[in-house]
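Undergrad: Let chain V serve as the given structure and place chain L on it in line with the hints.
Here the protein sequences come in this chain order: V and L.
Oh and the first sequence: position 254 is 254 in our numbering, straight run, nothing missing.
Oh and the second sequence: position 227 is 227 in our numbering, straight run, nothing missing.
In short, the hints are calculated from the structure, not lab data.
Here a beta-carbon is modelled for each residue, glycine too, at the ideal position from N, C-alpha and C.
Hints may contain errors.
Partial list, computed: chain V residues near chain L (C-beta under 10 Å) [unchecked claim]:
id, residue
1, I15
2, T140
3, A145
4, L149
5, F153
6, R212
7, L306
8, N311
9, S314
Chain L regions said to be covered by chain V (calculated; three or more residues, Cβ under 8 Å) [to be verified]:
id, region
10, 100-106
11, 354-364
12, 447-461
13, 485-491
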Amino acid sequence: MKKYILKRLLISAVILVLVAFIIYVLMRSLPTSYLEQVAREKSMQPGSKSFEEWMEQLSATYGMDKGIIPGFLSWCGRALRGDFGDSWKWTVPVTQKFHESVWISFVMGAISFVFEIIIAIPLGIIAATKQYTKTDYTITIVALACFSLPTFFFASLLKLVFCVHLGWFDLGGLIGRNYEYLSPAGQLLDKANHLVLPIVTLVVISIGSLMRYTRTNMLEVLNADYIRTARAKGLPESKVIYHHAFRNTLIPLVTMLGGSLPGLFAGALITETLYSIPGIGYVSYQSMVAGDIPFSMFYLVFMAILTLLGNLISDILYAVVDPRVRIA
Amino acid sequence: MADEKTKDLISQEINAQGQSAEESEYSLNDDRRVRTLSPTALVVKRFLRNRVAVTGLVILAFMFVFSFIGGFVSPYREDQLFYRYDSQNKQYAALTENTELRYLTESDSDFPSVARAKFVLAQKQGKEGTFESGGTNYSFKEEGDGLIAIYAESDPSNPVALATYDTVSSSTSNEKLPFGFQHAILVAATNDQPSFTYEGKTYTIDDGGTVMDGDVEVAYASRYVAQAIMPDVFLTRSFKEQLLEAVESGDKDFVFTDEDGTTAEYTLSYDASKSTWSVLQSTSTRVFDTYSSPSAEHWLGTDRNGMDMLTRLMYGGRVSLYIGFIVVFIETAIGVVLGGISGYCGGWVDNLIMRAVDVFYCIPSMPIIIILGATMDAMRVDPQVRMLYLMLLLGFLGWAGIARLVRGQILSLREQEFMTAAEATGIRASRRIFRHLIPNVIPQLIVTMTMSLGSTIITEATLSFLGLGVKFPFASWGNIINDVNDTYVLTNYWFIWIPAGVCLLATVLAFNLVGDGLRDAFDPKMKR
Numbered sequence: 001m002k003k004y005i006l007k008r009l010l011i012s013a014v015i016l017v018l019v020a021f022i023i024y025v026l027m028r029s030l031p032t033s034y035l036e037q038v039a040r041e042k043s044m045q046p047g048s049k050s051f052e053e054w055m056e057q058l059s060a061t062y063g064m065d066k067g068i069i070p071g072f073l074s075w076c077g078r079a080l081r082g083d084f085g086d087s088w089k090w091t092v093p094v095t096q097k098f099h100e101s102v103w104i105s106f107v108m109g110a111i112s113f114v115f116e117i118i119i120a121i122p123l124g125i126i127a128a129t130k131q132y133t134k135t136d137y138t139i140t141i142v143a144l145a146c147f148s149l150p151t152f153f154f155a156s157l158l159k160l161v162f163c164v165h166l167g168w169f170d171l172g173g174l175i176g177r178n179y180e181y182l183s184p185a186g187q188l189l190d191k192a193n194h195l196v197l198p199i200v201t202l203v204v205i206s207i208g209s210l211m212r213y214t215r216t217n218m219l220e221v222l223n224a225d226y227i228r229t230a231r232a233k234g235l236p237e238s239k240v241i242y243h244h245a246f247r248n249t250l251i252p253l254v255t256m257l258g259g260s261l262p263g264l265f266a267g268a269l270i271t272e273t274l275y276s277i278p279g280i281g282y283v284s285y286q287s288m289v290a291g292d293i294p295f296s297m298f299y300l301v302f303m304a305i306l307t308l309l310g311n312l313i314s315d316i317l318y319a320v321v322d323p324r325v326r327i328a
Numbered sequence: 001m002a003d004e005k006t007k008d009l010i011s012q013e014i015n016a017q018g019q020s021a022e023e024s025e026y027s028l029n030d031d032r033r034v035r036t037l038s039p040t041a042l043v044v045k046r047f048l049r050n051r052v053a054v055t056g057l058v059i060l061a062f063m064f065v066f067s068f069i070g071g072f073v074s075p076y077r078e079d080q081l082f083y084r085y086d087s088q089n090k091q092y093a094a095l096t097e098n099t100e101l102r103y104l105t106e107s108d109s110d111f112p113s114v115a116r117a118k119f120v121l122a123q124k125q126g127k128e129g130t131f132e133s134g135g136t137n138y139s140f141k142e143e144g145d146g147l148i149a150i151y152a153e154s155d156p157s158n159p160v161a162l163a164t165y166d167t168v169s170s171s172t173s174n175e176k177l178p179f180g181f182q183h184a185i186l187v188a189a190t191n192d193q194p195s196f197t198y199e200g201k202t203y204t205i206d207d208g209g210t211v212m213d214g215d216v217e218v219a220y221a222s223r224y225v226a227q228a229i230m231p232d233v234f235l236t237r238s239f240k241e242q243l244l245e246a247v248e249s250g251d252k253d254f255v256f257t258d259e260d261g262t263t264a265e266y267t268l269s270y271d272a273s274k275s276t277w278s279v280l281q282s283t284s285t286r287v288f289d290t291y292s293s294p295s296a297e298h299w300l301g302t303d304r305n306g307m308d309m310l311t312r313l314m315y316g317g318r319v320s321l322y323i324g325f326i327v328v329f330i331e332t333a334i335g336v337v338l339g340g341i342s343g344y345c346g347g348w349v350d351n352l353i354m355r356a357v358d359v360f361y362c363i364p365s366m367p368i369i370i371i372l373g374a375t376m377d378a379m380r381v382d383p384q385v386r387m388l389y390l391m392l393l394l395g396f397l398g399w400a401g402i403a404r405l406v407r408g409q410i411l412s413l414r415e416q417e418f419m420t421a422a423e424a425t426g427i428r429a430s431r432r433i434f435r436h437l438i439p440n441v442i443p444q445l446i447v448t449m450t451m452s453l454g455s456t457i458i459t460e461a462t463l464s465f466l467g468l469g470v471k472f473p474f475a476s477w478g479n480i481i482n483d484v485n486d487t488y489v490l491t492n493y494w495f496i497w498i499p500a501g502v503c504l505l506a507t508v509l510a511f512n513l514v515g516d517g518l519r520d521a522f523d524p525k526m527k528r
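The following block holds chain V by itself, in its conformation from the complex:
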């Protein structure tokens, strides 16, 4: 087991370096950049240096004057020591901006993760046990509809209904207009109020695939021989389903859910952008659009690490939960 994990970690590290290199090459070879824009602005000012001179100076300041390969190596060297440089757009160290924004994304992700599990798994099981009934068809279609719903369209609909017509929530942002005058408890409630719609959006969008996954796995288990044996023994149907079948459905579910744990930190780029929630997703969207190389590099590599970590966790969990699986 230890050997397996070690091997996987090593492979992951190699993949990560490759991914980081591809991203770095991509970011560096973009034809227009944040630096050019700043240089252009600066050279417009009266009595200023020319654009080329500014460009030279800024490139040196931001460490962009090196070639791509030396630049990547020095980036790697600093990244290994935890130094990701200063964000150009936010003018603070990248890690500081990351700390400021990641927690709100994590809270959002965690809450919607819990709701997702509470709603999707029971519905998936019901659909599987009542296969080919109206209930099953309804649940299947709802699941597919949730799965097919474009985030931005659903968010706009929610905004129209709950913000414009009912006036329950603000259209966007994390804090209300009079946030400063509220008591600490009121401030917390204010933030919670602003998070309702984003969380609803996240839950509805992601519920579909989990529901389908639960249903498929439950169906597979229900077709297994030991379920037939359990029924043949004369066990009550509820015991067959919840005692024998459900536990075995949990194997793939736990694997999948465990794998998606790191993803809680990734932030929901689209949802956060739509509701202007200053989480990691929205912050990195703004950075990416502004061409902020240090922050984008950090975010993309962070995302890659989360994906690799998720895969690793789900593989290990698979072996842990299902004793039949042996890994070498």
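TA: Coordinates of chain L only, in the frame set by chain V:
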């Protein structure tokens, strides 16, 4: 005999069941009595039995007809602009009836305001008289109805000022006429003289106060003062006449056509406290017919640029579907080739390709596309080229899943007997892969492709929604909904974004339903 009888009986029964008479001729254990279906026909049959999937297929068929044929049926083009006339009211002129004496002087210093006050006092005593102001003695004399000439002591022949209710304006320009000329006109006008002479020229004057030099109109005297609000507007005599007519008859509005033939409507409103009529000119301007509500001409209204929404929706569907198909085609092509090679060859080739798949799995595609989209924005890439890049990019970033699927299938198929047989016949490796292995992967491939069509359409729409995908003038369902970023549109113009969203949802849902149905049809083992 008994055999014959049973045969007859059976044939009757079969006939009763509506079977064809031909089949009844075969014996009971004849294979030809059983209708054999090819695997494909079985799949089709199973698929058609699934009502949900068929609904999906119907929705898809509708969407295809809507997007690809709708464009030809629609009377409008994708980028046809519509206009409407919008009337704008602006302050044009003000008309005042003169109820107070106005003073005309050669220049302002000649008759200071102190002297005016003195004159008003003296004028109340009688029609003629004298007064003194600032060390100068003045005398005044009424020269006509509402016209009083004021003379300084030093020059009893030429008046320094005229106090008058009427004003004289030039008919040709906004310039002031010479003082002496104005005096002559006023004298003639207030005494109802038909003609007068000024600087050796004889002018005629009619009842309306129009002064003619021969046939040319030069000036006119009037008790009403009409002034243009804008300094560059010159009010013609005929306009003023029409304005006066309207005022006298108590009309609230009138239409006037000027010399250039431009017709405009004018509205009068009277301000009693200032005893002024203000004149509003309503000019109709041709503007883009933006955000007009659904009507008979435009079933779904018009968008921000004044284009027909329904037509945009049709062309948008075309773009969304095109992009979906091309992207999935690219994905599948790369995925099948790489996955097939990887699964068949094994060894270091497999290892290499699978590590590449791992790398591509790991690259966060949405952020990458956003970054490239923003760059293309900055570079002002042509919208058409941009669409091409977008398709290539999405395809290139999405092949890893398909490659992994194909490889997994091939790994299990490779060990089966039919492959050993294929190898034993000694056919080429490429033929073994593409003739014998790939066809067996096709069921899973079709299901995955159908599903990823839906998700590609969503990805494209999301990018276009963020303004980083398909760009104006091309429509896509995503960039149609993009307007909703404007809160005013979100609140007031449902017809801009809800239809596009519904189309998008319906299409993606239909793809998923069909994909789901296909999976069930291909794999009957999953059914209980």
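Undergrad: In terms of beta carbon proximity below 8 Å, does the region 100-106 of chain L have 3 or more residues touching chain V?
TA: Since 0 is below three, the answer is violated.
Undergrad: For the restraint on V/T140, tell me whether the closest CB of chain L is nearer than 10 Å.
TA: Where the cut-off is 10 Å and the nearest Cβ of chain L is about 7 Å from V/T140, the hint holds.
Undergrad: Report holds or violated for the interface hint on V/I15, using the least CB-CB distance to chain L and a cut-off of 10 Å.
TA: holds (5 Å)
Undergrad: Against chain L, run the beta carbon of V/F153 and see if the smallest gap drops under 10 Å.
TA: holds (4 Å)
Undergrad: For the region 485-491 of chain L, do at least 3 residues have a Cβ located nearer than 8 Å to some Cβ of chain V?
TA: Coverage by chain V holds for the region 485-491 of chain L (3 residues, Cβ < 8 Å).
Undergrad: Hey, does the V/N311 contact hint survive, CB to chain L under 10 Å?
TA: holds (8 Å)
Undergrad: Would the hint on V/R212 stand, with a C-beta cut-off of 10 Å toward chain L?
TA: holds (8 Å)
Undergrad: Residue count check for the region 447-461 of chain L against chain V: does it reach three with CB-CB under 8 Å?
TA: holds (count 3)
Undergrad: Is the interface hint for V/S314 satisfied, with its Cβ closer than 10 Å to some Cβ of chain L?
TA: violated (13 Å)
Undergrad: So, as I understand it, the hint says V/L306 touches chain L; can you test that by seeing if any CB pair is closer than 10 Å?
TA: At about 9 Å, which falls below the 10 Å cut-off, the nearest Cβ of chain L leaves the hint on V/L306 intact, so it holds.
Undergrad: Taking a Cβ-Cβ distance under 8 Å as contact, does the region 354-364 of chain L have three or more residues in contact with chain V?
TA: It holds: at least three residues are needed, and the region 354-364 of chain L offers 7 whose Cβ sits within less than 8 Å of chain V.
Undergrad: At a threshold of 10 Å, is the proposed contact between V/L149 and chain L supported by beta-carbon distances?
TA: Cβ of V/L149 sits 6 Å from chain L, so the hint holds.
Hint compliance for this structure: hints 9, 10 are broken, all remaining hints hold.
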